[in-house]
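The primary structure of each chain is shown beneath.
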Amino acid sequence: MMSYAETAVSAALAAGARYADARVMVSRAELVAANNGEIEDVRQTEKAGVGVRALSGSSWGFFAVDDLTEAGARQAGERATAVARASALVAGPPLELADAPAATAHWDSECAEDPFSVALSDKGDLLVAATLALGRAGARLCRASCRSWDTEKWLASSEGHRISQRIRECGAEMSALAVGDSETQRRSYPGIRGQYGTRGWELVRELDLVGNAERVGEEAVALLGAPPCPEETTDLILGGEQMALQIHESVGHAVELDRILGWEAAFAGTSWLDLGLLGRLRFGSELMNVTADATLPGALGSFGYDDEGTPARRVDIVSEGTWVGVLSGRDSAAAAGVPAGGMVRGDGYDRLPMVRMTNIGLLPGDSSLEEMIATTARGVYMDTNRSWSIDDRRLNFQFGCEIAWEVRDGALGRMLRNPTYTGISPQFWGSMDMIGNESEWVFWGTPNCGKGQPVQVGHTGHPAVPARFRDVRVGVRG
Amino acid sequence: MTDPATIADQVLSLVGGAAEARVVVRRHASGLTRFANSFIHQNVTDEATVVALDVAVEGRTAGASTNVTTPDSLAALVTRAIGAARLRPVDQKWPGLAPPEPIAPSEHYDGATAAATADDRAKVVASFVRAGEDLRAAGYCETSATESVLANSAGQVLRGRASSAVLDAIHRSDGGDGVAVQASASIAGLHGEAMGEVAASKARRSASPVELPPGRYHVVLEPRCQADILDALARYGFNSRLVEEGQSFARVGEAQLDRSISLWDDATDRRAVGLLFDQEGTPKRRVPLVDAGTVVGLAHDRRTAKAAGTSSTGHAVPGGETMGAVPTNLFLASGQDRPEELIARVERGLLVSDFWYTRVLDPKTLVMTGLTRNGLFLIEDGRVTRAVGNLRFTQSYVAALAPGNVAGVGSDARLVSTVDCIHHAPTLSLRSWSFTGNARG
Numbered sequence: 001m002m003s004y005a006e007t008a009v010s011a012a013l014a015a016g017a018r019y020a021d022a023r024v025m026v027s028r029a030e031l032v033a034a035n036n037g038e039i040e041d042v043r044q045t046e047k048a049g050v051g052v053r054a055l056s057g058s059s060w061g062f063f064a065v066d067d068l069t070e071a072g073a074r075q076a077g078e079r080a081t082a083v084a085r086a087s088a089l090v091a092g093p094p095l096e097l098a099d100a101p102a103a104t105a106h107w108d109s110e111c112a113e114d115p116f117s118v119a120l121s122d123k124g125d126l127l128v129a130a131t132l133a134l135g136r137a138g139a140r141l142c143r144a145s146c147r148s149w150d151t152e153k154w155l156a157s158s159e160g161h162r163i164s165q166r167i168r169e170c171g172a173e174m175s176a177l178a179v180g181d182s183e184t185q186r187r188s189y190p191g192i193r194g195q196y197g198t199r200g201w202e203l204v205r206e207l208d209l210v211g212n213a214e215r216v217g218e219e220a221v222a223l224l225g226a227p228p229c230p231e232e233t234t235d236l237i238l239g240g241e242q243m244a245l246q247i248h249e250s251v252g253h254a255v256e257l258d259r260i261l262g263w264e265a266a267f268a269g270t271s272w273l274d275l276g277l278l279g280r281l282r283f284g285s286e287l288m289n290v291t292a293d294a295t296l297p298g299a300l301g302s303f304g305y306d307d308e309g310t311p312a313r314r315v316d317i318v319s320e321g322t323w324v325g326v327l328s329g330r331d332s333a334a335a336a337g338v339p340a341g342g343m344v345r346g347d348g349y350d351r352l353p354m355v356r357m358t359n360i361g362l363l364p365g366d367s368s369l370e371e372m373i374a375t376t377a378r379g380v381y382m383d384t385n386r387s388w389s390i391d392d393r394r395l396n397f398q399f400g401c402e403i404a405w406e407v408r409d410g411a412l413g414r415m416l417r418n419p420t421y422t423g424i425s426p427q428f429w430g431s432m433d434m435i436g437n438e439s440e441w442v443f444w445g446t447p448n449c450g451k452g453q454p455v456q457v458g459h460t461g462h463p464a465v466p467a468r469f470r471d472v473r474v475g476v477r478g
Numbered sequence: 001m002t003d004p005a006t007i008a009d010q011v012l013s014l015v016g017g018a019a020e021a022r023v024v025v026r027r028h029a030s031g032l033t034r035f036a037n038s039f040i041h042q043n044v045t046d047e048a049t050v051v052a053l054d055v056a057v058e059g060r061t062a063g064a065s066t067n068v069t070t071p072d073s074l075a076a077l078v079t080r081a082i083g084a085a086r087l088r089p090v091d092q093k094w095p096g097l098a099p100p101e102p103i104a105p106s107e108h109y110d111g112a113t114a115a116a117t118a119d120d121r122a123k124v125v126a127s128f129v130r131a132g133e134d135l136r137a138a139g140y141c142e143t144s145a146t147e148s149v150l151a152n153s154a155g156q157v158l159r160g161r162a163s164s165a166v167l168d169a170i171h172r173s174d175g176g177d178g179v180a181v182q183a184s185a186s187i188a189g190l191h192g193e194a195m196g197e198v199a200a201s202k203a204r205r206s207a208s209p210v211e212l213p214p215g216r217y218h219v220v221l222e223p224r225c226q227a228d229i230l231d232a233l234a235r236y237g238f239n240s241r242l243v244e245e246g247q248s249f250a251r252v253g254e255a256q257l258d259r260s261i262s263l264w265d266d267a268t269d270r271r272a273v274g275l276l277f278d279q280e281g282t283p284k285r286r287v288p289l290v291d292a293g294t295v296v297g298l299a300h301d302r303r304t305a306k307a308a309g310t311s312s313t314g315h316a317v318p319g320g321e322t323m324g325a326v327p328t329n330l331f332l333a334s335g336q337d338r339p340e341e342l343i344a345r346v347e348r349g350l351l352v353s354d355f356w357y358t359r360v361l362d363p364k365t366l367v368m369t370g371l372t373r374n375g376l377f378l379i380e381d382g383r384v385t386r387a388v389g390n391l392r393f394t395q396s397y398v399a400a401l402a403p404g405n406v407a408g409v410g411s412d413a414r415l416v417s418t419v420d421c422i423h424h425a426p427t428l429s430l431r432s433w434s435f436t437g438n439a440r441g
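So the sequences go chain by chain: A and B.
In terms of this note's numbering, the first sequence has 296 at position 296, counting the first letter as 1, and numbering is strictly consecutive.
In terms of this note's numbering, the second sequence has 434 at position 434, counting the first letter as 1, and numbering is strictly consecutive.
A portion of the hints provided could be inaccurate.
Simulated DEER-style distance windows between Cβ atoms [claimed, not checked]:
no.	chain 1	residue 1	chain 2	residue 2	range
1	A	Asp274	B	Arg216	30 to 38 Å
2	B	Asp119	A	Arg205	47 to 55 Å
3	B	Gly389	A	Pro227	33 to 41 Å
4	B	Pro102	A	Ala91	48 to 56 Å
5	A	Leu275	B	Arg359	28 to 36 Å
6	B	Asp119	A	Gly337	27 to 35 Å
7	A	Ser182	B	Val252	17 to 25 Å
8	B	Gly246	A	Glu70	50 to 58 Å
9	A	Ala374	B	Ala308	48 to 56 Å
10	A	Asp274	B	Ser208	32 to 40 Å
11	B	Thr418	A	Pro228	28 to 36 Å
12	B	Arg251	A	Met415	27 to 35 Å
13	A	Ala129	B	Ser73	31 to 39 Å
Bear in mind the hints are in silico, worked out from the structure with no lab data behind them.
Since the model is a prediction, treat every value here as computed from it, not as a measurement.
Using N, Cα and C, we set each Cβ at its ideal position, and we do this for glycine too.
All chains, please: the whole structure from these sequences, using the hints.
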């Protein structure tokens, strides 16, 4: 397969490109879904092709085709260069690429039990059993599903990169929906997006879906009769799964360099962060340490090399509350005058590689969820994301959770339904005064991060722990 | 390049009598030219043929797809799908295959759009950018064409083509942004310069925005906002699966919306964009959903129709086994008033250009939260007076359209695109909309 990538690169250069890279990808995906004790869907997809990036002057072009032949690869390279020339009709400033030393390498993600080796019937039996257990307390709609991916890719560049990778990912999720007269209540496990990683089927076995299903179903039904989360400003404790979403939306996207440079202005948006303040801006409290680490074993945003051939690495993003790093690729890094971060990936051979989160995580502290509750006189503890909305500068957010409990005098009180909270990113992170410890650190995986046009779905990781925030507005209603 | 119909024939032959089978062969070519900071920074083209096979082996169903169309790969596709189906229990909801039925004789297809090049798109972009040379332009121009053949072992064979062209872009000033959007089946329907002037004018007027406190405001929503509202109504409201599950507000026969609201889905309308048959092979037709405020219909695919004892309305979508049936060509009826006339009747309110990042808080009440974007203006005494900083809202879309809350419907209906669909909608004037936050939180 590498020869097709090499052919495409050669053709792009022969057509006049000053730089080119090409990715051949062969990928398989599988979905099994169950609903109320029955299998709902079994679906397998296979996709293969080559995508070529060509740089002509300061203008990029990209062409992808599913024709994996020498002739197809050659034509893809030529057409990528032709597209780049068209881009030059509305050309931008001079563009360079930050250094990414050429390498010849192969990398495999860790995988103890190949998810595609597990029989579909076994997967179906597991999911059916989980939905039956979810429904025992009376939830009306009980769903469970598992997904697996097996992706092989070969990257060649005109600078000499020759990198192949095989990345296997899988995970599962389940939810119970209780339907009342005027509203619905949902509980998910282990989170609204399930749990996914660059691991084998052992990840799904560790989730113990069936063992957790009855409790999750009971909570969904109980929520229908719970009082609503009151509207007030109070102390807020967030569970780890919701923290993963908080990190993703209000830190991860905000530090994407393409957004900061305005390249995503019309769709995903920009960022409230000003590059001139990098290294000086107060992002959060001194307890806040965030890294982008693509080397974490098993986390969903891990890989060996990004789609430009930059090796996976750990980059500090927020250090003791100060903003110190960005997510970047070779062109954005050069434009901003920072080193290439190795954070560029494309969703398939037919999508342009772009700046994507790797594993953007909050480093653990030395408290525990138990201690946070015990030291809170009045507050709310929320867990499991239900809704998420944030403005196009990643500043003003409103997030909803599936479940909450009031905290009174150091103990959990009543269950609360429809909990929401809202805030402004730096103020919110600045109010964080307790953070969970390493034993509570979970590498949450988000398999559905949307970005780009055409929209690409990215797989990102978010190591997270519970945390406490002071004086947060909760219970927002229309 | 092998004809899609030939590939479909090959696949059905490979299945033979081993299963009931439906194959969809979709060949597409699309190009998307993105620009930011007034230059083209991403420019992509892709061409592929995707073969999607769904089989039922004695009532056991499974699906598989590939974009590799060699004989070996097609044989492997069939083996994979049938093998997966045999391993699962009987699918109690399997509705059987769509019977042979013709589709409307027209199509939304333009050869020039199908043949559009990156140069053609760059020219549209260039004219948009030139209209605001004192500003920063960002957005995209996309052209795409699809040829699709659907064939099943019950004898249904459908062939269709569709093209689309979209210009969706903003001009940015230091104070704020202004948006302009055009969608069409033809690239000739995109007018970069005119759209650039609309967006630039709005961006210039967005300078020096004032901050307003949260609260309830009268709103005049431009058509772009309705795209979001219609998407939510389609996915969570008129989706018969969610109705059956108790997750939708919709109750057929009840006057749940204002009398000025009429809504239907119609891919066969000459103004629409897309194919004239759905994922299961049911022909598209006009399907009334709301008539003068009364819910009169729901969207069905063959699965939901079987459960409800009715017929499919042609709204099967990819992933519908779990998602349900979704209308994708909605038309919200126009009213009599020009947008300026709607504004002239507002004593104090907000003119909203666009929504952003809307998410459902509860599907049953259709309470959504999101933000304004790309132009928000204060209306005082019937006139647009100044720009306003973006606001967050938390609002039930059903309540927003409830009886008595619609002050007026514009005569300016046009195609408006979302990530997944292209709907047709006018400006709406709504008496009450709940804003729950501003730049301070």
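Verification of the supplied hints:
For the pair Asp274/A and Arg216/B, the supplied restraint of 30 to 38 Å holds, since their beta-carbon distance comes to about 35 Å. Between Asp119/B and Arg205/A, the C-beta spacing of about 54 Å keeps the proposed range 47 to 55 Å intact. A hinted range of 33 to 41 Å for the beta carbons of Gly389/B and Pro227/A is consistent with their spacing of about 34 Å. Take Pro102/B and Ala91/A: their Cβ atoms lie about 50 Å apart, and the range 48 to 56 Å holds.
Look at Leu275/A against Arg359/B: about 29 Å separates their beta carbons, and that is inside 28 to 36 Å. For Asp119/B and Gly337/A, the hinted distance range of 27 to 35 Å is satisfied, since their beta carbons lie about 33 Å from each other. For the hinted restraint 17 to 25 Å between Ser182/A and Val252/B, the CB-CB distance of approximately 19 Å keeps it satisfied. Here the CB-CB span from Gly246/B to Glu70/A is close to 56 Å, well matched to the stated 50 to 58 Å.
In this structure, Ala374/A and Ala308/B meet the distance hint of 48 to 56 Å, their C-beta atoms being roughly 52 Å apart. Checking the proposed 32 to 40 Å range against Asp274/A and Ser208/B shows it is violated: the Cβ atoms sit about 20 Å from each other. Checked against the given bound of 28 to 36 Å, the beta carbons of Thr418/B and Pro228/A, roughly 31 Å apart, stay inside it. For the hinted restraint 27 to 35 Å between Arg251/B and Met415/A, the CB-CB distance of approximately 30 Å keeps it satisfied.
In this structure the supplied range 31 to 39 Å holds for Ala129/A paired with Ser73/B, their Cβ-Cβ distance being about 35 Å.
Figure legend: structure checked against the earlier numbered hints; the only hint not met is number 10.
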